[in-house]
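Novice: Letter by letter, the chains look like this.
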Amino acid sequence: MSIASIIFLLVFAAAVWWFTRNVRRIRRNILLGRDVDRTDRRDERWALMAKVALGQSKMVVRPVAGLLHIVVYAGFVIINIEVLEIIIDGIFGTHRVFSFLGGFYDFLIGSFEFLALLTWVACAIFLIRRFVLRIKRFWSREMTAWPRTDAGLILTFEILLMSAFLLMNAADHTLQGMGSEHYISAGAFPVSAVLAGWLDFGSIDAATLIGIERFCWWFHIIGILGFLNYLPYSKHFHILLAFPNVWYSKLKPKTEMSEMPRVAAEVKSMLDPSIPPPPPPAEPAPGMPAEHFGAKDVFDLTWKSLMDAYTCTECGRCTSVCPANLTGKLLSPRKIVMDTRDRLEEVGHVIDSKGKWEDDGKDLFSRISEEELWACTTCNACTQACPVNIDPVEIILDMRRYLVMEQSKPSPSLNAMFTTIENNGAAWAFGPDKRMDWMKE
Amino acid sequence: MTQPLQVKTMAEYAASGEMPEVLFWIGCMGSFDDRARKITKAFVRILNKANVKFAVLGQEESCTGDPARRAGNEFLFQMQAMQNITILNGYGVKRIVTACPHCFNTVKNEYPVLGGQYEVMHHTQFINALIKEGRIKVEGGSFKGKRITFHDPCYLGRGNGEYEAPREVLLKLDAALVEMKRSKEKGLCCGAGGAQMWKEAEKGDKEVNVERTEEAVGTGAKIIAAGCPFCNTMLTDGVKAVGGEGKVVVKDIAELIAEAGEL
Chain A
1 MSIASIIFLL VFAAAVWWFT RNVRRIRRNI LLGRDVDRTD RRDERWALMA KVALGQSKMV
61 VRPVAGLLHI VVYAGFVIIN IEVLEIIIDG IFGTHRVFSF LGGFYDFLIG SFEFLALLTW
121 VACAIFLIRR FVLRIKRFWS REMTAWPRTD AGLILTFEIL LMSAFLLMNA ADHTLQGMGS
181 EHYISAGAFP VSAVLAGWLD FGSIDAATLI GIERFCWWFH IIGILGFLNY LPYSKHFHIL
241 LAFPNVWYSK LKPKTEMSEM PRVAAEVKSM LDPSIPPPPP PAEPAPGMPA EHFGAKDVFD
301 LTWKSLMDAY TCTECGRCTS VCPANLTGKL LSPRKIVMDT RDRLEEVGHV IDSKGKWEDD
361 GKDLFSRISE EELWACTTCN ACTQACPVNI DPVEIILDMR RYLVMEQSKP SPSLNAMFTT
421 IENNGAAWAF GPDKRMDWMK E
Chain B
1 MTQPLQVKTM AEYAASGEMP EVLFWIGCMG SFDDRARKIT KAFVRILNKA NVKFAVLGQE
61 ESCTGDPARR AGNEFLFQMQ AMQNITILNG YGVKRIVTAC PHCFNTVKNE YPVLGGQYEV
121 MHHTQFINAL IKEGRIKVEG GSFKGKRITF HDPCYLGRGN GEYEAPREVL LKLDAALVEM
181 KRSKEKGLCC GAGGAQMWKE AEKGDKEVNV ERTEEAVGTG AKIIAAGCPF CNTMLTDGVK
241 AVGGEGKVVV KDIAELIAEA GEL
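Protein sequence lines correspond, in order, to chains A and B.
Heads up: the first sequence begins at 1 in the numbering used here, then just goes up one per residue.
Heads up: the second sequence begins at 1 in the numbering used here, then just goes up one per residue.
Honestly, I wouldn't trust all of these hints.
What the hints assert, rightly or not - Here are the simulated DSS-like cross-link-like pairs (lysine-lysine), alpha carbons at most 27 Å apart as the crow flies:
| no. | chain 1 | residue 1 | chain 2 | residue 2 |
| --- | --- | --- | --- | --- |
| 1 | B | Lys-186 | A | Lys-250 |
| 2 | A | Lys-51 | B | Lys-184 |
| 3 | A | Lys-250 | B | Lys-53 |
| 4 | A | Lys-136 | B | Lys-186 |
| 5 | B | Lys-206 | A | Lys-409 |
| 6 | A | Lys-252 | B | Lys-53 |
| 7 | A | Lys-434 | B | Lys-184 |
| 8 | A | Lys-268 | B | Lys-94 |
| 9 | B | Lys-172 | A | Lys-440 |
| 10 | B | Lys-132 | B | Lys-49 |
| 11 | A | Lys-409 | B | Lys-203 |
| 12 | B | Lys-144 | B | Lys-222 |
| 13 | B | Lys-137 | B | Lys-172 |
| 14 | A | Lys-409 | B | Lys-199 |
| 15 | A | Lys-252 | A | Lys-58 |
| 16 | A | Lys-440 | B | Lys-38 |
| 17 | B | Lys-144 | B | Lys-132 |
| 18 | B | Lys-203 | B | Lys-38 |
| 19 | A | Lys-252 | B | Lys-144 |
| 20 | A | Lys-58 | B | Lys-132 |
| 21 | A | Lys-434 | B | Lys-199 |
Unchecked claim - Computed footprint of chain B on chain A; a stretch qualifies when at least three of its residues, placed anywhere within it, have a C-beta under 8 Å from a C-beta of chain B:
| no. | region |
| --- | --- |
| 22 | 177–190 |
| 23 | 246–254 |
| 24 | 317–329 |
| 25 | 364–375 |
| 26 | 393–402 |
| 27 | 426–439 |
I should point out that these hints are in silico values taken from the structure, not numbers from a laboratory.
In this text, a Cβ means the ideal position worked out from N, Cα and C, and glycines have one as well.
Take these sequences, add in the hints, and give me the full structure.
Specialist: Rendered as structure tokens:
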């Protein structure tokens, strides 16, 4: 085995190890959430995943961004078939190991080249939309320095990867033409042949060309492995979580609120003394916080809300249709989801450094204000707009439940509404005897 | 307006050993709010005209608990829900119709798990069914050719996927139905949901109902059709805020049908 092969194997193994470690960490964090069953109606879930995640059905609601996204998505998925060949070549020191496929191989490489070019162009347009046209949803309050940098890095990186892929092919193609040993004639190069012409590769000597080809090859594969390891630190992790997140979507009507079986059992027992009250809640696992009514911290949200938080790619479609946000209120559904993720990451870091959870004196309310929570109209425009079925409303309502049931802190005038429902069975201060007064008029 | 309203309570039906075909759940808005009471009456006129044997709960009706639940008060919601379910089940109610999408959503989706299983319809679905079954006939009357735009209630549309029934009913008026840019799945909220009706809006630079009313008025429609008493109030206030009073009216679909039939 050559030294190059050994280096490649080491880099590859390290990349896989580090990535696996981070994915397990994210999985552990998600599972800090409360349990909820989202495994019913499996056929429907697979169909939904095929349509919404694989088929990008909600992306194309906005045609320009949607179509460009499909180009990048297809480019990413399909060009990764090429990565398989790169890995085999890397390990065994072969060159274009799949070239025995003949005409089909030519077709594959040719298609990859077109896709790479399209992806390059789409990413460039995305960069222009974000940083030159400065589309509003990419520049709102929660899009602070890191989210903006993150987006810029991802797009730049994809452009570099595609450039390396095309340059590698351009050098390879030229070397094939020169009859260079090792560079067997294989593949079709509709894009890189033009590129080679522009760069006048034909006038460069073989040794330099081999240098360019090898550099791009290493840059491409190390870049991909590096990109893979960047994902767990980035909003770009959505490329993996989009699929399970859609599979585990809420299938119930959007405006149906989540159940609180414990409260239901208590009320049942209150109204009918023959029904025993529910047993007290189980002791929390050692070192874990006690259960709350509603959500004080990430532990009180469902694991699906936490998966939502890691799936969010900060596109801002939710916020751009939120009636509260559109009218200048503080609430931004995207911020709710990003804050949840950032808090969960913070909790994860505590567990990593201390070996277990220790109260750090913070919670979701350290990031999300009551003003934001009370501005929600529960209209579900955000859940409808989300291309990967994230549900910010559930987080908002769970936090409202905590404010009201544990803190007795509803938005001021809501107490009056509670009282009149309790006293009159009506949301306004009219007694039951007035219920049929409309008949008299 | 000539015929007196024919309304019987569930208790009256039970006393005579009869079962109505449907229970009309009026809701707090429909019972107490001056504007929404007109919707209640319009819907009753339609039910009377179609000879629907319906009942109301009268004094036995109580808030579904929707605003309490959205405001975070699960205990109060559960109390309301369980009391209502006890009454409904006590009468053996099977079918419910309501003119309020919030009551509709709660009774239809949130009561079953607590033991209240009913077939629940929104009044626009019910009216649409009455028309299809030939139990009432609708002709355009004064609305023929008029521009009407329909504002989707979030709890009917996005919440429960019903976009067509209200539109099918409106089309029976031979009116020119014009859609707002934000309609159906993309419909913009009126600003009342999620217990907003009972509180001041948070600080912002505009009211949600004004944003929505501007869009509705921008279609050139002289009639904004609504299917929710909360939306109706918000849009009516919105029309005042944008200076459209006297030029644009907000009407519930039940009111439009009742007026078209001169009921």
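Novice: Now tell me if each hint is right for this structure.
Specialist: Each hint, compared with the structure:
1. Lys-186(B) to Lys-250(A): The hint holds at about 19 Å.
2. Lys-51(A) to Lys-184(B): 20 Å, holds
3. Lys-250(A) to Lys-53(B): 37 Å, violated
4. Lys-136(A) to Lys-186(B): 19 Å, holds
5. Lys-206(B) to Lys-409(A): 26 Å, holds
6. Lys-252(A) to Lys-53(B): 32 Å, violated
7. Lys-434(A) to Lys-184(B): 36 Å, violated
8. Lys-268(A) to Lys-94(B): Status holds; Cα separation ~22 Å.
9. Lys-172(B) to Lys-440(A): At roughly 31 Å apart (the allowed maximum being 27 Å), Lys-440(A) and Lys-172(B) break the hint.
10. Lys-132(B) to Lys-49(B): 15 Å, holds
11. Lys-409(A) to Lys-203(B): 18 Å, holds
12. Lys-144(B) to Lys-222(B): Holds: Lys-144(B) and Lys-222(B) sit about 13 Å apart, inside 27 Å.
13. Lys-137(B) to Lys-172(B): 9 Å, holds
14. Lys-409(A) to Lys-199(B): 14 Å, holds
15. Lys-252(A) to Lys-58(A): 18 Å, holds
16. Lys-440(A) to Lys-38(B): 12 Å, holds
17. Lys-144(B) to Lys-132(B): The given pair, whose Cα atoms are some 20 Å apart, holds under the 27 Å limit.
18. Lys-203(B) to Lys-38(B): This hinted pair is violated, its Cα atoms lying about 32 Å apart.
19. Lys-252(A) to Lys-144(B): Not OK: Lys-252(A) and Lys-144(B) at ~39 Å, beyond 27 Å, violated.
20. Lys-58(A) to Lys-132(B): Violated, at about 33 Å.
21. Lys-434(A) to Lys-199(B): 23 Å, holds
22. 177–190: violated (count 0)
23. 246–254: Holds: 3 residues of the region 246–254 of chain A have a Cβ under 8 Å from chain B.
24. 317–329: holds (count 7)
25. 364–375: holds (count 3)
26. 393–402: Holds: 4 residues of the region 393–402 of chain A have a Cβ under 8 Å from chain B.
27. 426–439: holds (count 12)
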